[in-house]
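J.: Here is how the chains run, residue by residue.
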Amino acid sequence: MNIKVRLFGLFRIDRFKEDIRSIPPGTSAQAVIDDLQLPATMLGIILINDIHAEASDLLSDGDCLTLLPLLDGG
Amino acid sequence: MKFHTTDPASNPSAVLYNRCTVDLQTGAISFADIPCRNLEDVLGGFGRSFQDLAQRTIKTAYCDENPLIVNTGLLTGSSAMTGMRTYFSGYSPIKGSKAGLPAAMWSTGSGKFGAKFKWTGLDELIFENCSATPVYILIKETPDGPMVEVKSATHLLGLSTHAKIMALQLEYPDAHFAAIGQAGENWQNNYMGGVALSTENQLKSKEDKCRFAGRGGMGSLMGHKNILALVAQSSDKHGKLSEAVKKVNLNVVKGGGSARIQPLSRGGGGGTWAAYDVLQAFHAVPLNNFRPQGNDLPEKLFRENVEKEYDIKSEACYRCGITCHNNISEKNIDGSKGEFLAKFDYEPLNLLGTNIGIHDAGQAARLIQLCDNYGMDAISLGVTISYALAYNERHPGKTILNGATFGDYAKIRELIIQTGEGKLPEIGKGSMRLSESLGETSYAYHVKGLEIAAYQPETNPGYAWAIAGGHMSMGTYGLLTREGKSDIDSWVKGITEDKLHIVGFDMIGLCKFFDIAKGIGTQMVVDCLKSEFDLDVSADAIRAAVRQAFLRGLALELRQGYTKAEFCLPAEVIENPNPHIKLPNITSPEFLAQLETQVWAIFEPELEGLLAPVLMR
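Sequence lines, in order, name chains A and B.
Heads up: the first sequence begins at 0 in numbering that gives the first Met the number 0, then just goes up one per residue.
Heads up: the second sequence begins at 0 in numbering that gives the first Met the number 0, then just goes up one per residue.
Some hints could be false.
What the hints assert, rightly or not - In silico lysine-lysine, DSS-like type, Cα no more than 30 Å apart, as pairs:
| # | chain 1 | residue 1 | chain 2 | residue 2 |
| --- | --- | --- | --- | --- |
| 1 | A | Lys16 | B | Lys492 |
| 2 | B | Lys581 | A | Lys3 |
| 3 | B | Lys581 | B | Lys97 |
| 4 | B | Lys239 | B | Lys253 |
Said to hold, decoys possible - The following label-pair restraints were derived from C-beta to C-beta distances:
| # | chain 1 | residue 1 | chain 2 | residue 2 | range |
| --- | --- | --- | --- | --- | --- |
| 5 | B | Lys492 | A | Glu53 | 26 to 32 Å |
| 6 | B | Gly560 | A | Arg20 | 30 to 36 Å |
| 7 | B | Gly406 | A | Lys16 | 25 to 31 Å |
| 8 | A | Arg14 | B | Glu242 | 48 to 54 Å |
| 9 | B | Ser485 | A | Ser27 | 45 to 51 Å |
| 10 | B | Trp599 | A | Glu53 | 44 to 50 Å |
In short, the hints are calculated from the structure, not lab data.
Here the structure is a predicted model, which is why all the values come from computation and not from measurement.
C-beta atoms are modelled at their ideal positions from N, C-alpha and C, and glycine is treated no differently.
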């Protein structure tokens with residue numbers, strides 16, 4: 000199945016802004032994060048179809064997975 | 000401080016702090032070792048100053064009876080990383096209730112002044128009354144203890160924050176400085192004056208790289224007292240770094256707490272600036288007076304776009320390993336670093352950039368630089384200007400001030416200069432007063448009279464309960480965006496339990512990046528207190544003291560005439576919901592009413608007796 004992955008902030012460095020990826024059914028968001036080798040300490044927000052999600056959540060065909068770095072005060 | 004106990008939570012009066020009181024009218028200067036009343040006193044900062052402010056009846060900020068309290072936290076000047084905070088407290092000229100009474104306020108900044116101040120042997124300096132002539136205050140370490148002198152400052156009059164510091168450095172090459180700019184000098188027409196704190200980097204490079212205690216007009220209060228600067232002259236005192244503190248510091252640098260703040264080159268997020276990228280994913284970057292349009296305009300100030308044309312250097316406060324500063328300089332034709340412009344933090348960049356329609360990094364940097372040099376709070380200034388620009392956009396045939404509109408760099412620059420020079424009280428007195436004078440208050444983005452930070456109020460109903468400015472005294476700004484919480488229970492818990500603990504950093508002397516998510520009631524702080532002072536304080540006792548200090552702040556607001564109706568968000572948020580923000584709506588009238596009821600039901604019983612009269616010492 001295919002999903003769209005959107006990256007923001009430093010995650011885009013040497014990666015991409017948006018990509019369509021093929022994954023097997025039953026794949027979790029965590030598996031995609033691992034595959035992209037995103038630094039665990041910097042991962043702040045996971046969205047699936049614009050809704051906050053957990054890394055363990057499973058993805059479905061056509062989902063949009065958005066991965067954002069941490070957000071803390073300025 | 001003097002410790003005659005190892006258990007300050009149970010025996011606070013066995014801890015004494017050294018206070019100097021300066022009567023600016025008579026010139027009398029007195030010193031006293033003051034026993035602490037409770038753990039809040041021991042920790043310091045606003046935890047102590049608010050107890051003293053509560054003892055005074057102050058009806059207007061600009062009166063002789065309103066003190067300016069300068070103090071530090073227990074860990075200021077210690078080996079604990081980020082321990083560099085100085086606190087300025089008093090009744091605020093800008094933050095006030097509809098009843099017309101000023102709110103108690105504190106403001107804080109890093110730089111090296113705080114440590115130098117502490118190393119003189121002084122813990123607190125209280126200024127009473129006003130000086131008839133401009134003065135600066137010399138705080139000096141001597142073999143007999145700290146010495147304080149009041150000195151003429153006529154030669155500093157009219158200088159910018161940076162120029163004052165440079166002038167004083169010539170006289171005191173081994174000292175550090177806190178200075179106001181022209182804004183604070185023109186306190187009658189400028190209620191948003193801040194205090195600039197010198198940094199090692201600034202004194203070495205001679206570039207205007209100050210840190211700021213900006214919020215609440217403490218620089219204007221300092222100007223009202225006719226104090227233009229403070230000089231702290233002492234030798235550096237670095238104790239031997241213990242294994243315990245070394246471990247804590249390593250955790251601060253490498254741990255999760257500061258990860259986002261570290262430079263990109265170290266695998267971090269690149270400072271607070273990175274909030275742009277995250278918030279833009281939700282179309283929640285404030286634009287044109289907090290009305291995001293669902294477009295990509297904010298991306299023009301993304302780091303990746305700015306670094307194409309400007310030099311960006313990651314730098315740090317003195318002895319801090321977090322390296323959160325992103326200093327922007329011009330880039331020469333050959334690619335080398337040119338003139339230093341400004342430090343890009345999320346708040347000033349947004350509020351003097353995207354939120355006023357400025358999308359050019361160089362222009363935004365120049366406006367930040369102007370704001371810093373005049374010594375104004377970038378948040379209050381930016382938000383009041385954005386209100387004026389929004390007014391002009393709504394009334395094209397009947398504009399105010401110079402008719403500036405969003406994105407008009409030249410006219411906005413002119414507004415900042417005039418405000419800094421005290422010639423534009425409409426802006427200088429803040430958005431609450433300006434909007435009331437124009438009869439259009441719904442799109443003035445302040446809460447309780449203090450302009451909000453660069454987080455959309457649609458994402459943060461917790462602003463209403465912040466006691467000293469929107470985001471740094473109530474850490475709920477990420478509860479929806481970061482944590483995805485949109486249910487009432489999470490918000491009630493966030494406001495009344497977890498997120499108020501952010502104010503603990505404004506007691507103990509540490510920067511919030513020490514561990515922004517967890518606060519100061521942690522084993523890391525417990526270990527530092529044991530190692531630095533041989534104090535046995537539990538994390539629970541620290542958390543209890545922080546909660547008590549927060550609640551006292553809330554009680555003080557109510558005593559200064561705030562009604563519960565004033566604990567509210569800007570009306571536009573509710574009256575005209577922004578359809579572009581891609582997050583659940585948690586600012587409907589129903590949600591806010593429920594939140595208000597439940598939050599007060601928890602807080603109100605705890606406020607009883609918090610402001611009981613305490614004998615003056």
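J.: The structure should be examined with respect to each hint, and the outcome stated for every one.
T.: Here's how the hints hold up against the structure:
Of the pairs offered as hints, the one joining Lys16(A) and Lys492(B) is violated, with about 36 Å between alpha carbons and a cut-off of 30 Å exceeded. A hinted pair counts as satisfied when its Cα atoms are at most 30 Å apart, and Lys581(B) with Lys3(A) qualifies at roughly 18 Å. Under the criterion of a C-alpha separation no larger than 30 Å, the hint pairing Lys581(B) with Lys97(B) is inconsistent with the structure, at around 33 Å. Distance check on the hinted pair: Lys239(B) and Lys253(B) sit about 21 Å apart at the alpha-carbon level, within 30 Å; holds.
Restraint check, Lys492(B) to Glu53(A): a C-beta distance of roughly 19 Å breaks the suggested window 26 to 32 Å. At roughly 58 Å, the beta-carbon separation of Gly560(B) and Arg20(A) lies outside the given 30 to 36 Å, and the hint is violated. The given range of 25 to 31 Å is respected by Gly406(B) and Lys16(A), whose C-beta atoms sit roughly 26 Å from each other. Here the CB-CB span from Arg14(A) to Glu242(B) is close to 39 Å, at odds with the stated 48 to 54 Å.
The hint said 45 to 51 Å for the Cβ distance between Ser485(B) and Ser27(A), and at roughly 23 Å that hint is violated. Take Trp599(B) and Glu53(A): their Cβ atoms lie about 33 Å apart, and the range 44 to 50 Å is violated.
In the structure shown, a violation is registered for the earlier hints numbered 1, 3, 5, 6, 8, 9 and 10, in ascending order.
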